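> The chain contents come next:
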Amino acid sequence: MAMAIASAPQQTAVATPPIIDSHDVHLWYGTNEALKGINLTFHEHEITALIGPSGCGKSTYLRTLNRMNDLIPGVTIKGEVTLKGQDIYSSSMDTVALRKEVGMVFQQPNPFPFSIYDNVTYGLRLGGKPSREELDEAVETSLRQAAVWEDVKDKLHDSALALSGGQQQRVCIARVLAVKPDVILLDEPTSALDPISSSQIENMLVNLKKDYTIILVTHNMSQASRISDRTAFFLQGNLIEYDDTKTIFLNPHKKETEDYISGRFG
Amino acid sequence: MRRVFEDELNDLHVRFSEMGMMVNEAIYKSVKAFINHDKELARDVIKNDHLINEREVDLEKRSFELIALQQPVTTDLRTIVTVMKASSDLERMGDHAVSISKSTIRVKGTTRVPKVEQDIASMAELVKEMVNEVLDAYVKSDDKRALEIANEDHGINHYSDIIYETCLEIMQKDPATVPGSMDYLFVSSYLERIGDYVTNICEWIVYLQTGKIVELNSNAKEDDF
Numbered sequence: 001m002a003m004a005i006a007s008a009p010q011q012t013a014v015a016t017p018p019i020i021d022s023h024d025v026h027l028w029y030g031t032n033e034a035l036k037g038i039n040l041t042f043h044e045h046e047i048t049a050l051i052g053p054s055g056c057g058k059s060t061y062l063r064t065l066n067r068m069n070d071l072i073p074g075v076t077i078k079g080e081v082t083l084k085g086q087d088i089y090s091s092s093m094d095t096v097a098l099r100k101e102v103g104m105v106f107q108q109p110n111p112f113p114f115s116i117y118d119n120v121t122y123g124l125r126l127g128g129k130p131s132r133e134e135l136d137e138a139v140e141t142s143l144r145q146a147a148v149w150e151d152v153k154d155k156l157h158d159s160a161l162a163l164s165g166g167q168q169q170r171v172c173i174a175r176v177l178a179v180k181p182d183v184i185l186l187d188e189p190t191s192a193l194d195p196i197s198s199s200q201i202e203n204m205l206v207n208l209k210k211d212y213t214i215i216l217v218t219h220n221m222s223q224a225s226r227i228s229d230r231t232a233f234f235l236q237g238n239l240i241e242y243d244d245t246k247t248i249f250l251n252p253h254k255k256e257t258e259d260y261i262s263g264r265f266g
Numbered sequence: 001m002r003r004v005f006e007d008e009l010n011d012l013h014v015r016f017s018e019m020g021m022m023v024n025e026a027i028y029k030s031v032k033a034f035i036n037h038d039k040e041l042a043r044d045v046i047k048n049d050h051l052i053n054e055r056e057v058d059l060e061k062r063s064f065e066l067i068a069l070q071q072p073v074t075t076d077l078r079t080i081v082t083v084m085k086a087s088s089d090l091e092r093m094g095d096h097a098v099s100i101s102k103s104t105i106r107v108k109g110t111t112r113v114p115k116v117e118q119d120i121a122s123m124a125e126l127v128k129e130m131v132n133e134v135l136d137a138y139v140k141s142d143d144k145r146a147l148e149i150a151n152e153d154h155g156i157n158h159y160s161d162i163i164y165e166t167c168l169e170i171m172q173k174d175p176a177t178v179p180g181s182m183d184y185l186f187v188s189s190y191l192e193r194i195g196d197y198v199t200n201i202c203e204w205i206v207y208l209q210t211g212k213i214v215e216l217n218s219n220a221k222e223d224d225f
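Top line first, the protein sequences correspond to chains A and B.
Position 104 of the first sequence, counting from 1, maps to 104 under my numbering, and the rest follow consecutively.
Position 125 of the second sequence, counting from 1, maps to 125 under my numbering, and the rest follow consecutively.
Extracted from the complex, chain A is given alone in its bound form (with noise of 0.2 Å):
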């Protein structure tokens, strides 16, 4: 007779090396605690997905890692946060430096009201003086990888504005590509697009994870479940769990996560 299933060894995820690190991060909006020490590390070619009921402290967390909150008064941080061993709240730290290795997708495409050419060279002009012919080929790779060059090539001196929301979102991913970054955080990106342009997404997120590390908020489960490596639940300002993504959507070790990927709350 077949073995029990409940013995069959879980498979764990390879293990690749480290490349965000957060040890105890506490933010505070005014004199509400928004996290409470979020202890988490975010691995090299991995799509990890944050998720959590709204409020849980799940995009407040994804902004500081590229120090977003910075920009909101009244916020007071807490805690450590290290990308490849740096940390990035040292008083030394550029923060448009750093967010040139830590890029960021938002919920609603964004683009610039220019053409979708100077869109996606924007961070490189920005960053100094590159030639025509590097931002050509910045222009086309980046939007190769952002799977959206084949709607776009005819027309990149045209008004972003003028793409779907789809093409947009992806534009926008491509202008984040352009400054090579190593880690993306992407702020629900899929929520405001239909299923199709969600599952080209999807698919291009996919295929980038072998050049970038990918941290995805969402609040859509079956999105979280398709695509990620890990997962991370956050309820209320914690983590109550972090695991493969296997885990956590087969075998989840805390109540309170297999009541919220069920649908019992939240």
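I should point out that these hints are in silico values taken from the structure, not numbers from a laboratory.
Owing to the predicted nature of the structure, the values given are computational and were not obtained by experimental measurement.
For every residue, glycine included, the Cβ atom is placed at its ideal position computed from N, Cα and C.
Watch out, some of these pointers could steer you wrong.
What the hints assert, rightly or not - Keeping only pairs whose Cα atoms sit at most 27 Å apart, straight-line, the calculated DSSO-like set for lysine-lysine is:
#1 A:K210 <-> A:K254
#2 B:K61 <-> A:K255
#3 A:K254 <-> B:K61
#4 B:K61 <-> A:K209
#5 B:K61 <-> B:K212
#6 B:K61 <-> B:K140
#7 B:K85 <-> B:K128
#8 A:K100 <-> A:K153
#9 A:K180 <-> A:K153
Claimed, not checked - So the derived label-pair ranges between C-beta atoms look like this:
#10 A:E44 <-> B:N151: 31 to 39 Å
#11 B:E54 <-> A:D87: 26 to 34 Å
#12 B:Y164 <-> A:S262: 49 to 57 Å
#13 A:S262 <-> B:R15: 24 to 32 Å
#14 B:D11 <-> A:A15: 56 to 64 Å
#15 B:I35 <-> A:K255: 52 to 60 Å
Starting from the known structure of chain A, arrange chain B on it as the hints suggest.
Frame of chain A; chain B shown alone:
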């Protein structure tokens, strides 16, 4: 994401087909060992059965993961359900090959009846053929062929009846044949059960193609009981 899912689904298919070949080989070897009185070969089948069991566990685990992580629907879901159900049928077929091998080891040295052994060999040939065919029909998702294969089970039941009658007769005539005949009856019933499992797999192939759960060759209706 569809592409990743399809790769995994395809992988599941390949692994299931490999399991089918492993089971087919186990049945083939166990029957060959029984007919040639080859104790070594019989031991070999028993020794390797754990590989079949492990493959079933592996297929179930992969199926659970695909269901939990990819939330398949329609044909995709039926494909996974088919693999899960049919792999447990295959695993049981492997267990029967082990039982035949155990009989082989036991029967050696007792008084033998060539006529019955000949019938068992012919029955086994038929079973082997059915197993081959059902694996082929699975790979091709051929539900019409599956219905035909399920029909072939009647031929196996026919042999089973003949062997039963013959054994009864010889046991009454010569008590020395009783220990051997007991194993003949066991082996014939193991083969008959393997045929039933082939029928089950035929049912899953029909389900995969049509979405209908059918009962082919219900035992209760069979043979005018």
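> Against each hint, give a clear statement of whether it holds in the structure.
Going through the hints against the structure:
1. A:K210 <-> A:K254: violated, 31 Å
2. B:K61 <-> A:K255: holds, 22 Å
3. A:K254 <-> B:K61: holds, 21 Å
4. B:K61 <-> A:K209: holds, 25 Å
5. B:K61 <-> B:K212: Between K61 of chain B and K212 of chain B the Cα gap is close to 25 Å, so the pair holds against 27 Å.
6. B:K61 <-> B:K140: Answer holds: K61 of chain B to K140 of chain B is near 24 Å, not above 27 Å.
7. B:K85 <-> B:K128: Given pair K85 of chain B, K128 of chain B holds - Cα atoms ~20 Å apart, limit 27 Å.
8. A:K100 <-> A:K153: OK: K100 of chain A and K153 of chain A at ~25 Å, within 27 Å.
9. A:K180 <-> A:K153: Roughly 20 Å separates the two Cα atoms, so the pair holds.
10. A:E44 <-> B:N151: 31 to 39 Å: violated, 57 Å
11. B:E54 <-> A:D87: 26 to 34 Å: violated, 48 Å
12. B:Y164 <-> A:S262: 49 to 57 Å: Holds: the Cβ-Cβ distance is about 52 Å, inside 49 to 57 Å.
13. A:S262 <-> B:R15: 24 to 32 Å: Between S262 of chain A and R15 of chain B, where Cβ atoms are some 28 Å apart, the hint holds.
14. B:D11 <-> A:A15: 56 to 64 Å: violated, 23 Å
15. B:I35 <-> A:K255: 52 to 60 Å: Roughly 57 Å apart at Cβ, these two residues keep to the hinted range, so it holds.
In summary, the structure is inconsistent with hints 1, 10, 11, 14 from the numbered list given earlier, while agreeing with the others.
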